[in-house]
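Trainee: Here's the letter readout for the chains.
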Amino acid sequence: MPKRTDIEHVMVIGSGPIVIGQACEFDYSGTQACRVLRAEGLRVTLVNSNPATIMTDPEFADATYIEPISVEFVEKVIARERPDALLATLGGQTALNTAVGLHEQGVLEKYNVELIGADIEAIQRGEDRQRFKDIVRSVGAEVPRSAVCRSMDEVRVAVKELGLPVVIRPSFTMGGLGSGMAHTPEQLERLAAVGLAESPVTEVLIEESVLGWKEFELELMRDRRDNVVVVCSIENIDPMGVHTGDSVTVAPAMTLTDREYQHMRDVGIAVLREVGVDTGGCNIQFAVHPETGRLVVIEMNPRVSRSSALASKATGFPIAKIAAKLAIGYTLDEITNDITGETPASFEPTLDYVVVKVPRFAFEKFPGADPTLTTTMKSVGEAMSIGRSFVEALGKALRSMETAQAGFWTGPDPGGESMRSVVDALRTPHDGRLYTVERALRLGAGVAEVSAASGIDPWFVDQVAALVELRAELIAAPVLDAPLLRRAKRAGLSDRQVAALRPELAGEDGVRTLRHRLGVRPVFKTVDTCAAEFAARTPYHYSAYETDPAAESEVATQRDRPKVLILGSGPNRIGQGIEFDYSCVHAAMALRAAGFETVMINCNPETVSTDYDTADRLYFEPLTFEDVLEVVHAERASGAGGPGVAGVIVQLGGQTPLGLARRLADAGVPVVGTPPEAIHLAEDRGAFGDVLTQAGLPAPRYGTATSFAGAKRIADEIGYPVLVRPSYVLGGRGMEIVYDEGSLASYIERATAVSPEHPVLVDRFLDDAVEIDVDALCDGTEVFLGGVMEHIEEAGIHSGDSSCALPPITLGRSDLEAIRRSTTGIAMGIGVRGLLNVQYALKDDVLYVLEANPRASRTVPFVSKATAVPLAKAAARIMLGATIADLRAEGLLPAQGDGADLPADAPVAVKEAVLPFHRFRTPEGHGLDSLLGPEMKSTGEVMGIDASFGKAFAKSQAAAYGSLPTTGAVFVSVANRDKRAMVFPVKRLADLGFQILATSGTAQVLRRNGIPCTVVRKHFEGDGNIVDLIRDGQVQMVINTPYGNHGPRLDGYEIRTAAVSRDIPCVTTIQGAAAAVHGIEALIHQDIGVEPLQALQAALRAGQPR
Amino acid sequence: MSGNEQSNTAALVLEDGRVFRGESFGATGRTLGEVVFCTGMTGYQETLTDPSYHRQIVVATAPQIGNTGWNDEDDESDRIWVAGYVVRDPARMPSNWRSRRSLPEALVSQGVVGIAGVDTRTLTRHIRERGAMRAGVFSGPALADEASMVDQVRSGPQMLGADLAGEVSTGATYRVPAVGERRFRVAALDLGIKSNTPRMLAQRGVETHVLPVSASLDDLLGVEPDGVFLSNGPGDPATTDHAVTLTRSVLERRIPLFGICFGNQVLGRALGRGTYKLRYGHRGINIPVIDTATGRVAITAQNHGFALEGEPGERFGTPFGVATVSHYCPNDGCVEGVRALEVPAFGVQYHPEAAAGPHDAAALFDEFLGLMENHDA
Ligand SMILES: Nc1ncnc2c1ncn2[C@@H]1O[C@H](COP(=O)(O)OP(=O)(O)O)[C@@H](O)[C@H]1O
Ligand SMILES: Nc1ncnc2c1ncn2[C@@H]1O[C@H](COP(=O)(O)OP(=O)(O)O)[C@@H](O)[C@H]1O
Ligand SMILES: [Mg+2]
Ligand SMILES: [Mg+2]
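First to last, the sequence lines map onto chains D and B.
Its first residue numbered 1, the first sequence is counted upward by one per residue in this note's numbering.
Its first residue numbered 1, the second sequence is counted upward by one per residue in this note's numbering.
Rather than coming from a laboratory, the hints here were simulated on the basis of the structure.
You may find that some hints are simply not true.
Claimed, not checked - Chain B is faced by these chain D residues, among others (derived, beta-carbon under 10 angstroms):
hint: 1; residue: Arg265
hint: 2; residue: Gly387
hint: 3; residue: Trp459
hint: 4; residue: Thr693
hint: 5; residue: Gly1010
Unchecked claim - Residues of chain B placed beyond 12 angstroms of chain D at every Cβ, according to the derived structure:
hint: 6; residue: Gly22
hint: 7; residue: Gly40
hint: 8; residue: Thr47
hint: 9; residue: Ala62
hint: 10; residue: Thr68
hint: 11; residue: Asp89
hint: 12; residue: Val108
Glycine included, every Cβ here is placed at the ideal spot set by N, Cα and C.
Just chain B, with the same shape it has in the complex (with noise of 0.2 angstroms):
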């Protein structure tokens, strides 16, 4: 039972005019972003600490959220990223032996606008036929009237068309050392790069080279990599073009590459494929992708709002040789990996590093690893 004195109601407002009311949660104030729903039955934690979502208003289907508090362990990266968070019933008093604090806590501490008590599911379905838009929660001082909350929402700019790689992007080029003996380098562009994806190459043998959005083709094969990784991220694929260009670079140089989310669609902008936006995004950590080499189902997560252009597999020609639409998801059809067939380059739309989500595409990392391992040879 969220209590609402009245004291602390608070909205969200759509951008098509929608509202939806309740009490504020975390920090009061007004944020401003585009409203997703994301389907994961656990890891708020993760999800609000991902990268991807930084721009975005989160709501949790999951109407139970903050049971399990907030430690020191399941951090994403190294802040709360969404704009802001929209549950239904938050949690009193977490319950877990790894909780330092509670969610809210950790909202308020980073200033993160939230609200609960909303019919999330109202919304979820308004979301899945309306598509997803821009929003805005209001709460304290910053609540008006629903016209000028609307005008507010609309004067917020658009998911379509923004660049965000470099808002969520380490600054400089840091270290991430193998468990164990080392076995390969690899540089990671860092697009909005979650920890557990270094933590699980290097549990690999790998040694993670983290390096700005902005790095140059020097600055990445001055690491020396053995392989090139492409991280996920937040924005619409279609606007990073000096990634892109990276690529080529890599892929003409043969380097074994592997991307993920942002970076799958960065790959097959490089292999010539276009992008576009999907009406409210695949987000979530049941979601099934098949493998069309071996016709074999995953369970994964996933978190992207724009997809590649393509067919389930598809066979088409770049400068690079064929490649083909080597993963799709049986729920639309949206096209879920690509993969390089005459140069040693794969990617998935969906997250192998989990964290929260199911562990069944972890092996797309010894995958990778195999690829540097015949490169070697």
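Extracted from the complex, chain D is given alone in its bound form (with noise of 0.2 angstroms):
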């Protein structure tokens, strides 16, 4: 069947901010989505209010509506667009649930928009967990018994069935949020309750535990003449009871006969037909009992799922894109398999290796979280690999997790382990479990008895003890000769792990030197969905080590073009995401269009970066040093003859590519863009110094200790408060805004092991300090401001964790000459080439210098779409010679005028940052302080933007949290110190016809200004205290400041959480409060219109610059 012809205008809902269970794997489809609709002439609108996303891009639809992602905005661009048909499962559970909330409320229908993939019958089929059971159980499969339950009463009843240990699993969220596994009587109680609370139908699923059973996914495709074909299996590692998005996951599954594998595939075939998804993509995942291959059916996610994205990247097989494809008509067996070119797309992908997927947590963020793993996803990232076999692949994907250990054997083992207590600490699910498994065996564990411990599969455990044989074996080695080096790699080993394992080659570098001195080198092969059986267009490659000599390499030659490579930013963490990737494609697709073939490294499964047409090659590599300069190699060869390789770019990945820069250009890799040298004048404390001091800016005044006595000397000296950090830990960054010696003592403590090699740094904390960040290009004789960015929280508070706004709305013109000048002057003091991003306090007219990032930020997208400026491009374009005077000759940069004087009448935009709080608990069960401070702790970012700030931020409030209130009940409780600057908010507030809630202290103030408000008790004032009306759902909205002093006061706390649990905007900040009042009266007067980016941005550049 062809084309339908009936549909013209397509409305696609994107996924919105970036949170755990829900990442970038969503911009990967939608953009894929967005290129196909286009490309097959359809008009495509678009909504999403993640900037940070290629899809929201203005080339990549019709018309883009960054704007919040509710039923209520998404029905104000279907009233202006007037879609023929809305494609609503390329955008996660997000886009879904919009699409089930249109229609609910008659959107739908009112504007005849017609729903294409599935629609909202089969979502319910898919999405309601008792009625896709009973569909199940309809095609003859099985699925766990269970009971839907609507109240704790219910819940008794049917535990009393079912009998513990039962999974509590509520209906319609994601990531498995607010699911979990009950053992006793006690954690039902609690987790039953969590789970009503967080199911937006107060109904959970009561069911029977599988825990332990083997774990599968299918990825399977549909189309309209009901072709259906399966894309990948996955095979999960980590047993039930561990999320799917937290277990290390295998592709193709390994532990499985023919006849399982077939019933396996039988039985999703008969449920996706059964549930009804009339074409595209959709994920069933499966137990299988270990002892009898009992299979029962969990789920269905009747859409493009995280896995889809991960299945994609693992087979070639772009499902994302075939599924719109299919949306708007066609047939499987009419599309045609970009890899091949030739064969059509209707058939299953075989693979001649394996894949890995291993998920990155950032449990150090959150003190207090239950590092154990469950049946809700707490990883914020994953990176993927591929070898030709397990260990290969799992080598691989160890090395690319970027955490302190890289790897077996890379890290020191946990001190005072016996091979009982490392085979305890197996029964309990944790990050890096792999690594115990490791540690087992090496202890003398025998395969069954850690299989039996973990629950993972024998086959799996018994490639890690090939691995500890291995490593006796290159230990015992007299020399480490050819052979055995070569059957090293082959397994996966890296040359640190080697290093490790033969101290008399002086580390890695030895290791290497020898490597390439014996021609141990790895070969490339191919991702080509036909296990070779067909001849691949796509130059989509990994690396291997063969031992057989015949083994060939398949990196065809390229002569013509000079090669760049893009060196992506590995798996999303806190701190470094999606923005990042951004970056990374701007740049792939700018030196494209100047003439370079481009070549993308990277590890991350999710991101658009990994499209194998992003790039020109794309290489699916950990972003090491060693995996990197054997591709360097690889192209070096495959360019010899021609232009060859004209530089490699470390600048657009983030933290983790700018780290390899020295040692990079050190191995003779031409780095392009800013030089290491000038990096390291930005990232050293005493070199960035002195770069100040000759420019004459300031900086916060600090100093370096090595004991309590060295910090508190300094802190004296310099005044409390201060910020201490270490000048070097591992994981999380253990900053802290300390206000008396007391803390400082015990911060001393805790934080680090403080030593002559790991000294703290201790910063004058500037108190009420407007924190400013800006994002600039400099081609080394002119600097270009790209934004600058004003923050709505004050200085203390994570750039990455406050909401900003652009244009600053508060900023004179003298400021932003200061910025203007001082950004030169550090632009020039480096020695950028490129992107350079600095964060400055301003402090009583002083303009602070807080750090420069001579790099990428994460705020380049956002500024990209604010000002209509592609600034990764002009980047990228300048690391390879060009000026900025041709940039702007040429039309990539504005013809004059920059970022920092944007047309008086220019939209303002909004950035707010979106926090991942209600998603952790602590071993007890409780909630997690929401209190912000200056480790970033954000997953990801909305924008709003609008005519003026207090629409702009009205939209960003609803965008990453649902919408603020315009009626009810405010509670304020806020330090003595922020006292004075609330009464304004606050009556405004009350005049705005709130009811104002306040503890008695705060009250007293507010009613000597004239402001009506009643006093509720403290939390430890006992009953119908302010916690007790706010898990009520009495209060609409909390405004509570913290005692400056670290560990908030508990009271605080307990307010916090409960606000967060409630999902009421929960405002920390006095800077917060002035912007939500702003944000209240632009919704109630109700004059909140959508705009498309195409437009705003068009105004933009025919704006004449103030």
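Hints are included, so try docking the two chains, each in its own frame, into the full complex.
Mentor: See below:
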């Protein structure tokens, strides 16, 4: 069946901000969908509140609405655009839920918009756990026994029937939010209560536990003619009980015979047909009993999912792209497989390699959070790797994580372990459990024993056992000869791992030298969907070591165009996410257009950068020095006789590639852009201090101490409060604001092992300072200010967590001039070639420099969208020799002016961070404090853009948390130092008709200022206190600023966590409160509209600089 | 990590002089055959015991092989038929609740010579470009200098023109009873039949009499069959004149007939079509087939190095009236099925009995039953 002719205009809904359980995989799928639909000549309207995405680039849709993904706002867009159809299966749970909402509120009907991909019925059949179970049974397959419960009483009844342990799972949540496993009645009470609260329909499923069974996933696709293919099978190494998003997973499934696999396939297909997803992708999860093979179906996602992105990257079969084509009427056999260029998409990919995915966690950012892995997803990112064997892929995946340990034996073993203790540790799922498996085996535990304790299939355990044996061989060998070294490499060991076993080789570099001398190098194979049955057109490569002398590499020669290698940013983590991928993708687009051959290196399966058609060539490889060097080698070889490798870009992928700059340059690799020496000037505290003195720019006074005595001396000298941070830490950065000597002492004890090698930095903390973020371009002679962002929260709250406005709303002309002067001084002083990000703190009219990052920053996409200037593209061009003048002439940059002098009527863009607190619980099941500080904690961000600050801020809040209240009660309790500043905003709220609740102290001040308010009891003052009120939903907004001293007062903590769990706005700064008031006023005036980015940017370009 | 102490090295030598080196796997010694690759990611036990692989050295493109060991249920015949087995990473230890022994144990006990540690991808690409060809695996005492190994390989038999059905067929007729009450009786000509075929017929109430390839028309009619089945099998279909003659007689008598794989080629020849050798064949369990009548796609298990001449959807005259090319593979347009329109006979080039492979095409057996039903009436 050919393309449908009755659809001309499709609306695509994205997935909004990056949150745990819903990351950039949906940018990848949404971007593919937009590309495909437009290539098919359809008009595409896109709604997504996340500015850091590629899909929200104006060139990817005809009309791009960076607006909140809520029924209310999406309806406004529909009313304005009048699309024929809505495609909601590519924007994760967010898009799916929004589509359901639009349907329930009659919006789709009203504007006669057809839901394509999956219709409402199918969505409900797939998402409603009970209906889904009935469907599975109806096709003769099994599901765990269960009962749907809408109250605690129903829960207790159900459990009498099922018996503990049980799994509790809320309906209609994503990433396992609010779900858990109850082994005891106490846990049951607690988890079920949370579950009921988390479910938008207060409904939980109480389910028979199949804990410890093997877990599998299938990715399927179906077309209008009812053709179904299985794209990929995925096996979870961690058994049932650990969320697939938190499990180490392997593709294809490793431990199924054909009979069991085909049975799973038959069930999957039958379920898919019965649920009735008419076209597109879906993901089905299964559990298999390890002794009996009994198979039960766990769940289905009637949409493209995280696993679909993984499956696409793992197989080369572009699920999202094809889902989009199927949605507009094509059938699988009518779509050609891009990779072979001749065979159709109606086939099942077959792999001649093994893929391993390892999740990346961020527990160090959330002290107190329970790190046990459960049915609720907790990981913030993942890395994928491809190898010719499981162990090779595993080794690559582990060293892609950028955690302290980069694969087995690269870090010290935890002391004082016994074989017993390690085996016992295996019983509780935790981050890095495979490391524990390795230690257990090394300490003498048997494969069966380890498998029994961990529930990990013996086959996988035995693979690790093989590594333990190889380790012994490597240590024992009199000399490390070529055959043994080659076997080590074939087993996925890095030079660094080998070096750890052979001290005499003088480290990683020594091993590499030896390896190259012995001619032990990887070959590069191709991901081709068909195990080499057909020739591949797409250069999607991965490295592998072969022992067979006949082994061949498959990298095609290219001698015409100079090559540029772009290093990506690796697994998402807090502080380094999709924003950096955005910059890498832009570099690829800009440089390809400028006549370079672009080569992407990255290991994050969720991203657009690892889409095989983003760059000219893709290497799916870890971003370690060793792996990058081998790619450079391969690219030099394939370019030999031509212009060859013109440059390697390390500035756009965040800290990860930046950290490689020095070593790459030393190894003779042409690192372009800001040179390593210059990077050092910005990153070394002392050197940077000199740069600032040179340029005559003030910075907060600071000193470094190696003992409490030293720290105290500095603090006394520069005065409290001080900001302390270890100059060197593994994992979390351990930054804290310290208000007095006592807390300084306790910090020094807690934070790190302070020592001469590891001193602490003690900065003067600038209280009540306005923080300013600047992104700028520098070509060595000229500086272009991309954007100046004024933070809403004061300095002291990490730039990544505070909301900010662009253009700055309160800064005066003189401030902006100071910013321009300082930024220019820093850029020139450091010697930046490309992008620079500077953070300032403005206090008492003095502009202090907090830090400068000589690289693309988190805010580059936000700024590019808000100012209509593609900063990352420009930076990439500058790194390869273009000047700002050239780019102005070319039109890539505006002819005159820059981001610091936007037209007077420029719209205001507000960035708001999204925080994951509600996903974490203490081991006792309490919530975590949502207090913000100098440590970044947010996972993603949204953008609100409109004519005025108030409207833009209101949109940003609606997009991040759900709308600000327009009526009801506001609770106010602020620290003494904030009481004065609080009066005005609270008065405004009262005038707007809000009931004001306050604690006695605050109430007193308010009353004196003629603001009527009701006193409520503090948490510890007994029943009917504020925390109860919040929990009962009697409070619509909380304004609570913490007392300065570290360790928030219990009361504040209880209030904030209550607010977070109730999902009501909880403002923790006065500036935030003022902004909220603006937003609320805008909402009350009811005049908030929607506007496509294309129109906003056109206006900007037309407008004259003030 | 297949450990490779120098002692157990092995070599895979191709007719064109290309040599791949690895470690001995399974039995040691020498084996000759036609080297072909199979892209299935599951089902090595079924593949190794599929008679159609007789005289072939099979290369597994999936790198990790042997993970689920060897069980007592999944054999497709009473022995391993492949001439040799080429893999990259054999499991050190099998893991599956049905496993009874390891893959290497099964290979050794049946004297099947294999080689591990080969770069199977480079090998597969070579076969893809140069075509399936004669090859040999040499290990232990059989290892020699390349020149002599190449000579030995070149002295081996060609697949083109090889009549192998006789070597794999049953010696005596045997009967597979229907499950439950018997609805039909089928005479199956064993050209290399897989166990799952009678099994699937039995599940549908069919009693199957499996006859040797040498069976005469009288033997066949002696069964008083409601239908005749032509099985899959090894070798060059151009050599099976006896089976073709037999088939013609069946068609003349309008007895419902169903052929798969080799059997499809026999039917094709009976309908007057020629066969030819594909460069490297179709061997895998992910291969799309389009039914020209409905346009629907089935993902199929396939194993054929030869194919029938013809164009998708083509109608052609035969001594038994008009016939049509009913199925084709969209990858290369290769004929995947023929159907006689005026006598009750059809065949497919792929494997509805799967094992190993997807079950998308299982309904073809019901179609066969349909033919027998209408025939009764
Ligand atoms: N009945 C069960 N017993 C044990 N573990 C389970 C059960 N059901 C689900 N799980 C575990 O919880 C995880 C999340 O459950 P799932 O149904 O996939 O919810 P989500 O929508 O979050 O993916 C699964 O990956 C699995 O490991
Ligand atoms: N001297 C200071 N006074 C006040 N706030 C500061 C000071 N130094 C840093 N901060 C706050 O801490 C946050 C993180 O510090 P920064 O140096 O930017 O580290 P990072 O490398 O994590 O961005 C900043 O965004 C700012 O809000
Ligand atoms: Mg799931
Ligand atoms: Mg910073």
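Trainee: Evaluate each hint against the coordinates.
Mentor: Evaluation of the provided hints:
{"no.": "1", "hint": "Arg265", "in the structure": "holds, 6 angstroms"}
{"no.": "2", "hint": "Gly387", "in the structure": "holds, 9 angstroms"}
{"no.": "3", "hint": "Trp459", "in the structure": "holds, 4 angstroms"}
{"no.": "4", "hint": "Thr693", "in the structure": "violated, 57 angstroms"}
{"no.": "5", "hint": "Gly1010", "in the structure": "violated, 76 angstroms"}
{"no.": "6", "hint": "Gly22", "in the structure": "violated, 6 angstroms"}
{"no.": "7", "hint": "Gly40", "in the structure": "violated, 7 angstroms"}
{"no.": "8", "hint": "Thr47", "in the structure": "violated, 9 angstroms"}
{"no.": "9", "hint": "Ala62", "in the structure": "violated, 6 angstroms"}
{"no.": "10", "hint": "Thr68", "in the structure": "violated, 5 angstroms"}
{"no.": "11", "hint": "Asp89", "in the structure": "violated, 5 angstroms"}
{"no.": "12", "hint": "Val108", "in the structure": "holds, 20 angstroms"}
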